[in-house]
Amino acid sequence: MRNRLLKQVGLWVLIVIISVYALFPFYYAIITSFKSGSAIFSVTYLPDSFSMANYIGVLGSGHFPRNIVNSVIVATAVVILSLLLAITASYALARVRFKGRGILLFTILSVSMFPQIAVLAGLFEMVRGLGLYNTLFSLILAYMIFTLPFTVWVLTTFMRDLPVELEEAAIVDGAKPHQIIFKVFMPLMWPALVTTGLLAFISAWNEFLFALTFVSNNEQRTVPVAIALLSGATEQEIPWGPIMAASVIVTVPLVILVLIFQRRIVAGLTAGAVKG
Amino acid sequence: MAAATSQLTREKIRAAWIFLVPMMLVLLAVAGWPLLRTIWLGFTDAKLSQPGSGQWIGFENYLFWLDYGEGDGEWIGLLADPTWWRAVWNTVYFTVIACTIETLLGLIVALVLNAEFAGRGFVRAAILVPWAIPTIVSAKMWDWMMNDQFGILNDMFLKIGLISAPIAWTAQPETAMAAVIIVDVWKTTPFMALLILAGMQMLPGDIYEAARVDGIHPVKVFFKVTLPLIRPAIMVAVIFRMLDSLRIFDLIYVLTPNNAQTVTMSVYARQHLFDFDNFAYGSAASTLLFLIIAGITILYIYAGRLNLSGDK
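Protein chains in written order, with the numbering used here: chain Z, 1 to 276; chain P, 277 to 588.
Bound-form chain Z, shown alone (with noise of 0.2 Å):
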């Protein structure tokens, strides 16, 4: 009785250990947004002020604003377009058989593990090449070497489950191929579209290096490069108060995205993971 006692004990120990473990950094830079002035550089555990100045700081001026519209536009192109790319591929790879089909997967799965730095010369001459130098364009193109081939391994895995009696029936029935994939097996496959879309989205929100490297201008940059670059009037001067503040509002959609699809992204990320 005792010993299970001492179990349950630990087990408790653990769980606040871990939850804090795990919040407190994400708390932490919340309770400093709402810090202004010389309140910053105290340090409390607790929230013990409630000033929105960093806020305002940091959306009414400078490109903020812009920075948060661009990565909205970048992360939505990307999750629509690699979605249309891979939805009729994954059909292709998982409901038919032709030669070539082991091949072609595994260049699919050795792509999605290349390190982005391998690609990033080439890309850069490209970039410019094509005039996509310093426009949304670039990143676009670019985010497609890894939310592409995640994207069509995901589907590809959920669309190889789908019982195949649907598809023969509507073969009887005279459908053609595209009929079998947009009238057959869309609507049962709207939750695994949702969590690689969700993916895809917060992938490609998260980006830096290329961000970094294809747009140098103010304007056309994302968040996380604008939150990177964030400096204050003079060199020394680091301007946490703002930072936070903006760290806080890119991160907050996401983390309620998150938290809502909570079971869908977990079963996305261990299929892209433990399936493959």
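Among the hints, a few may not be true.
[As the list claims (entries may be wrong)] In silico DSS-like cross-links for lysine-lysine, where the CA-CA straight-line distance does not exceed 25 Å:
id: 1; chain 1: Z; residue 1: K183; chain 2: P; residue 2: K288
id: 2; chain 1: Z; residue 1: K7; chain 2: P; residue 2: K496
id: 3; chain 1: Z; residue 1: K7; chain 2: P; residue 2: K288
id: 4; chain 1: Z; residue 1: K176; chain 2: P; residue 2: K288
id: 5; chain 1: P; residue 1: K288; chain 2: Z; residue 2: K99
id: 6; chain 1: Z; residue 1: K176; chain 2: Z; residue 2: K99
Just so you know, these hints were derived from the structure itself, not from any lab.
With chain Z's structure known, arrange chain P on it following the hints.
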């Protein structure tokens, strides 16, 4: 009948290729072609301002004997550059330490989440928060927490008596790598834990029932039953994390810029590509990094014997 079936099959295969071509073209444009160009540029003397006009110079970016005449000279190039090898060492060091800590912590978190308790959903949601936060944001958040004068981490450690004077975590050479590892562990342990948890939840419950009936100690059950059974899941998670760690860039660029202790292969390559105007040399470094990661990936695919085509 047979003719009709093969007619149908042929039609289906043709449709399949039509579906595949757009996706393949995009991947070719954003992955295949740029990769080939990067490799090629590594064999030229291309400059940042005019990458296309580089001339073929063979392996000079990799290794080259610079002859001073009269038998005097020195080896130059990537393979003779101590800062490159330093970057390789930093990357490997970071990868091994960070992945080890992440695996152990991930295993503990997964075990806790696998237990039945009220509020399990809340904890699982809580550990997703670090995963969802953009790397740049987590770097900035931790940078602020690790601030030498006003950081809460020093405040905490001073109060507990763990340290006697504030530490400049991200600036000091001795602690810069530790700072990077601390942030990486915080950010990526959730991913590890969720993958391991998924492996645990696929285990059949009756083996535990049998172990309980036989009165076997839970610790023994963990090491003799659970661990061997979830080893494949752990291996997959570790390899995903390793591939990710080997190409780490963002966190270091923001958290510890200009710190020789934390320059990794990706940081080194980008510095040469865009900051030092050594475009060709940076391309050569990118190529080497690619080869290293490709080697590890191939090893993994062979070792894991992945069933790619889905055929049983």
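Status of each hint after checking the structure:
no.: 1; hint: Z:K183 - P:K288; verdict: 17 Å, holds
no.: 2; hint: Z:K7 - P:K496; verdict: 16 Å, holds
no.: 3; hint: Z:K7 - P:K288; verdict: 59 Å, violated
no.: 4; hint: Z:K176 - P:K288; verdict: 9 Å, holds
no.: 5; hint: P:K288 - Z:K99; verdict: 13 Å, holds
no.: 6; hint: Z:K176 - Z:K99; verdict: 21 Å, holds
Hint 3 from the list above is the single one not met by this structure.
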